[in-house]
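Asks: As they're listed, the protein sequences go chains U, B, Y and X.
Per full-length UniProt numbering, the first sequence starts with residue 1, numbered consecutively.
Per full-length UniProt numbering, the second sequence starts with residue 1, numbered consecutively.
Per full-length UniProt numbering, the third sequence starts with residue 1, numbered consecutively.
Per full-length UniProt numbering, the fourth sequence starts with residue 1, numbered consecutively.
Treat each hint with caution, since some may be false.
[What the hints assert, rightly or not] If you anchor each label on the Cβ, the simulated ranges turn out as follows:
id	chain 1	residue 1	chain 2	residue 2	range
1	U	Glu143	X	Asn302	52 to 58 angstroms
2	U	Lys93	B	Glu145	47 to 53 angstroms
3	Y	Gln331	U	Thr244	33 to 39 angstroms
4	Y	Gly228	U	Thr244	27 to 33 angstroms
[Claimed, not checked] Capping the alpha-carbon separation at 30 angstroms, the derived lysine-lysine pairs in DSS-like fashion look like this:
id	chain 1	residue 1	chain 2	residue 2
5	B	Lys276	U	Lys27
6	B	Lys199	U	Lys144
7	B	Lys10	Y	Lys10
8	B	Lys144	U	Lys47
9	X	Lys93	B	Lys327
Rather than coming from a laboratory, the hints here were simulated on the basis of the structure.
These numbers come from a predicted model, not from an experiment.
Where is the CB? At the ideal position from N, CA and C, for every residue including glycine.
4 protein chains.
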Amino acid sequence: MIVIMNPKCKDESIKEVKDYVEALGLKTHLSQGETFCIVGLIGDTSKIDEDKMIAIGEVDKVLKVGEPYKKANRLVKPENSIIDVLGNKIGGKNLAIMAGPCSVESEEQIVEIAKKVKESGANFLRGGAFKPRTSPYSFQGLEKEGLRLLEVAKKETGLPIVTEIMATEDLNDFVDRVDVIQVGARNMQNFHLLKELGKTKTPILLKRGLSSTIEEWIMSAEYIMAGGNENVILCERGIRTFETYTRNTLDLSAIPVVKRLTHLPVIVDPSHATGKNWLVEPLAKSAVIAGADGLMIEVHNNPAKALCDGAQSIKPEEFSKIMDKIKVLAQVEGRDIEGI
Amino acid sequence: MIVIMNPKCKDESIKEVKDYVEALGLKTHLSQGETFCIVGLIGDTSKIDEDKMIAIGEVDKVLKVGEPYKKANRLVKPENSIIDVLGNKIGGKNLAIMAGPCSVESEEQIVEIAKKVKESGANFLRGGAFKPRTSPYSFQGLEKEGLRLLEVAKKETGLPIVTEIMATEDLNDFVDRVDVIQVGARNMQNFHLLKELGKTKTPILLKRGLSSTIEEWIMSAEYIMAGGNENVILCERGIRTFETYTRNTLDLSAIPVVKRLTHLPVIVDPSHATGKNWLVEPLAKSAVIAGADGLMIEVHNNPAKALCDGAQSIKPEEFSKIMDKIKVLAQVEGRDIEGI
Amino acid sequence: MIVIMNPKCKDESIKEVKDYVEALGLKTHLSQGETFCIVGLIGDTSKIDEDKMIAIGEVDKVLKVGEPYKKANRLVKPENSIIDVLGNKIGGKNLAIMAGPCSVESEEQIVEIAKKVKESGANFLRGGAFKPRTSPYSFQGLEKEGLRLLEVAKKETGLPIVTEIMATEDLNDFVDRVDVIQVGARNMQNFHLLKELGKTKTPILLKRGLSSTIEEWIMSAEYIMAGGNENVILCERGIRTFETYTRNTLDLSAIPVVKRLTHLPVIVDPSHATGKNWLVEPLAKSAVIAGADGLMIEVHNNPAKALCDGAQSIKPEEFSKIMDKIKVLAQVEGRDIEGI
Amino acid sequence: MIVIMNPKCKDESIKEVKDYVEALGLKTHLSQGETFCIVGLIGDTSKIDEDKMIAIGEVDKVLKVGEPYKKANRLVKPENSIIDVLGNKIGGKNLAIMAGPCSVESEEQIVEIAKKVKESGANFLRGGAFKPRTSPYSFQGLEKEGLRLLEVAKKETGLPIVTEIMATEDLNDFVDRVDVIQVGARNMQNFHLLKELGKTKTPILLKRGLSSTIEEWIMSAEYIMAGGNENVILCERGIRTFETYTRNTLDLSAIPVVKRLTHLPVIVDPSHATGKNWLVEPLAKSAVIAGADGLMIEVHNNPAKALCDGAQSIKPEEFSKIMDKIKVLAQVEGRDIEGI
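Next up, chain U with everything else stripped away, as it sits in the complex (with noise of 0.2 angstroms):
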């Protein structure tokens, strides 16, 4: 970490944020010229204050040197992170692919679309129990009961569960029968949410946020991993822009940079992120030659008739020719998807 300061301050003002810094247990390198003075930091610089630093009278700028994470930092684990669900693996050299309707409707629902997605090679079913909602007017899913029946669809098909959690109360029931807990969106920045689930041992699929940038969802990632749980898989779902055509837009470019900076998977969910069922094959496609770890694709056997987000789905027989060109994509990338 670099402070740079007004180069005409007084020496109280050095001492101050020398001050600040030592009794932290670092140590400080200053260089002064005519027309900058910078206090470089030296050590742990993670305990210190960004804004306390500015706020000291005559910081002009702090500039982070290295990155605010450390667990989910590559520099700190140069290896990919592969984690094991069940048998199936998430990172490395395999493409995870989870599919499954967006809410949780019925046995019949959640069993046909199940052995269907397994049949054209999904690896995880994907569906949701607990509902975020815009409106409380809306839907708001089967809750314990669409955690049933994803448990009779897994029976079924052996397929692993991934499901979005809401609530820290529903944490226990989670941890017992969910395989992978999915943390949406809009809970990216739930800090208490993510220190339970930093406390359990269960792979937590992350979304990025709407409008977090690529730091903020990594440091999330780290709120999780600093609690002892280091398996998380991040997931980029598209982010809020003036595009209004799309949904959302989906940032491909986070792909390369948070394999980049981190040593997690990354998975890429080309539904949510467009809103639009005919883009979905296209940008499942580029995610993966992009190098996503995964997709989370919205499968719906009646598309008109489905509880939420019918907008985004495609049938079975959509999903099973994707399916067929993802294949022919990740042999070219030198990519296995489990299970085929």
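Starting from the known structure of chain U, fit chains B, Y and X onto it as the hints suggest.
Replies: Below, chains B, Y and X without anything else, positioned relative to chain U:
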């Protein structure tokens, strides 16, 4: 709600739309031209799922005519809501001034600041006990001890307390001890928390999410109100844009917009919006002129030593000068600041 | 176009709308319910001014049913436009590869790069002669001398030239000497320039503006086409968002969207979009998979010495390796790269 | 300017940086720690190309200490610039009120509006002769005839004219006939136009681009000033964000920021920023309180019949009422409105 269909759509597609809508108890009105085919929906459209409508093959667009919120809607309740907090009113002609430090740090600190801001005209004491921080390694607040210190300061000054909740597990504590419960920007769509807050009667200060549209913000208020708690105060605190000079971009247009669409009081937090203490005065003043029902301002007795967010804090003497100017503008605008 | 009016509006307001519309030669179709009042417009709505409609007191919203562009619209011309540039085709099955330095710096530089990129499979030479720079104190390009050097490189290699125009005063020069005239992101809504380009027959590469919606981008193409020049190639180069890790956010969803809405070819510039040379490869590859009709890639023989934009340039050897991978993907997707 | 290098970088990389910088006449100051290696640059860094620095292999980041603009910089000229337009002053204590229709439509229209806005306290007449329109099929303005009609209105009322230029071909005409030449948001980075305007002495009103940072906006002013024309007035007119309720998001924070960074006058256009006439009053008032040196307001005698932008126009009577309130606030803030 108006459904725009493909002008060459099949009769069965139109029937599918009508069937779905009529099953929910609404009536439809068909209007067909050469270049358009429109189905108008008559009745309570809040149950209609827009995405589901679009998923029906030949629906092009769904246009909401009314607003999706009911209890917050000014059409439903034309007069301004006025929320009474221990005799201090928020809304109507009143101007609520909430001031205090970002974080509660010690009894001495919080009591001293409380006394000073009261003297300058503040009628609420704000201070963070539980702090949402991007990094797990940053100071997370004094937590329960912070609540206790706020109570001490309240006892000394009589100022009602405003502080942020992070976890539903703390809700009983907050209901017992806090006068206005703040929901932070990052939790604006933590729907589980909103539902729990809806079961209480404590006034809720709901900050706008970093990338939340005005409609989403009002819908989050609607979650609380739908649960039975109509004591909601909205708080504009800047949105995330491409501009990085200020921490966020304060959206002052949102004030007159929200006051037109809803009957709820709206206040403005210029400290978090800009992240720079020299911007607090001009934006606090502009907010009052734009029609805000109050202000939330960070005041610290020693910004350089503040444990968080020092850069945006002002000292009590500066706050006092700002208040003098606010009082002049309040008079011009015909607003009252309670307690002075 | 559909006009939504206040359901309780006066008959004279409806008449005012009808009069305005019918005076422009369109017909209207009135549909009135209890909760809505809709006027459907039948005929060529491109003359209708949406803002003017809204200004009529009791109009709530104006909904465009069709798209506001005609000549660019795929509904008007369902087959892909293919633009022939000295025998090199852009659009259809062809993949156009435009490579070269950000700025033309010397004869030796441009000729050497041109030869190398041709060898690796590029079929167009790009290079800036007139440079748009944020600062008036930055290098502004070799200007006319730059055009001359591009011509030398073209003579040596046979590669058609793509270069950016900044001023209508230079138009004759460009028409005489340049094969594809580029309009930069900052000039995408320089309507005077677009109109002048519409009077020529030279192919125009129209970059998307930093904060332009897809519709605005297509409307700028429409300006050129409405003037008589239908040889327009669109180029996605990243949009401005809150994320600052990459210079801009490459919007790959825009590729399939634009190809659905229009018949024009679309290429992608991963160099400017990201500003980081190590992101060029993954995003160039993803762009091809998303359906792009070509790529524009910055290549420099010595990035560290480049007079501008060195950070995003790659060396000829790196370009060659990227092209090897692009060729594999082109084959998978059934695309041809002319000249190889 | 400070160059942050890889702490383990080779000596030759440091030498490469030093050589490049010293060749431009600057001095360097090296500071090396265990975890950082910093090269401070001493001298005029405006010639340094940041991207080029980064392109040198082992440079991590380049940090600008000073601002990249010189002539616009308040450090260079601490007192406010005051621009005199036919005796009406813009800047300093003065409040410039520019009012008039979006488009000039007829002699009767423009003369009538000019008289009315003057009566209410406007001291400049604004009106579009050349109109930037998203669609080539929309009304493009009366063009030269529009300029003539503005001159008629000026003769009748004495109000100086403000109108937008679209093409450098029209520059001589504008210099002869227009008092303040407006550069629209879409042309803010039309650098060729800016350079040509820099050769004149006519005051330039430079609107902020839709997605321009404050620094880019000031740099565009610097283009004009570097050419020799220091009569630049900045105009905030809203930026593009994700919020769609208002047409743009008015960034009022930009007012105090720009006034701190530069000595140039800054005015605000609430009409274009919001696109809604009922938002003009609260935002015009807030802008004055935020420190704006003036306002640009659309006024039309019959908004419903306006050929463009009717939705954001207000009628002369409404303008008159707004002006009454503005006058009260001007007095509170110690500002003068010339001519009243």
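Asks: A separate judgement is required for each hint: does it hold in the structure or not?
Replies: Structure-based check of all given hints:
{"no.": "1", "hint": "U:Glu143 x X:Asn302: 52 to 58 angstroms", "verdict": "holds (57 angstroms)"}
{"no.": "2", "hint": "U:Lys93 x B:Glu145: 47 to 53 angstroms", "verdict": "holds (50 angstroms)"}
{"no.": "3", "hint": "Y:Gln331 x U:Thr244: 33 to 39 angstroms", "verdict": "holds (36 angstroms)"}
{"no.": "4", "hint": "Y:Gly228 x U:Thr244: 27 to 33 angstroms", "verdict": "holds (31 angstroms)"}
{"no.": "5", "hint": "B:Lys276 x U:Lys27", "verdict": "holds (28 angstroms)"}
{"no.": "6", "hint": "B:Lys199 x U:Lys144", "verdict": "holds (21 angstroms)"}
{"no.": "7", "hint": "B:Lys10 x Y:Lys10", "verdict": "violated (35 angstroms)"}
{"no.": "8", "hint": "B:Lys144 x U:Lys47", "verdict": "holds (22 angstroms)"}
{"no.": "9", "hint": "X:Lys93 x B:Lys327", "verdict": "holds (23 angstroms)"}
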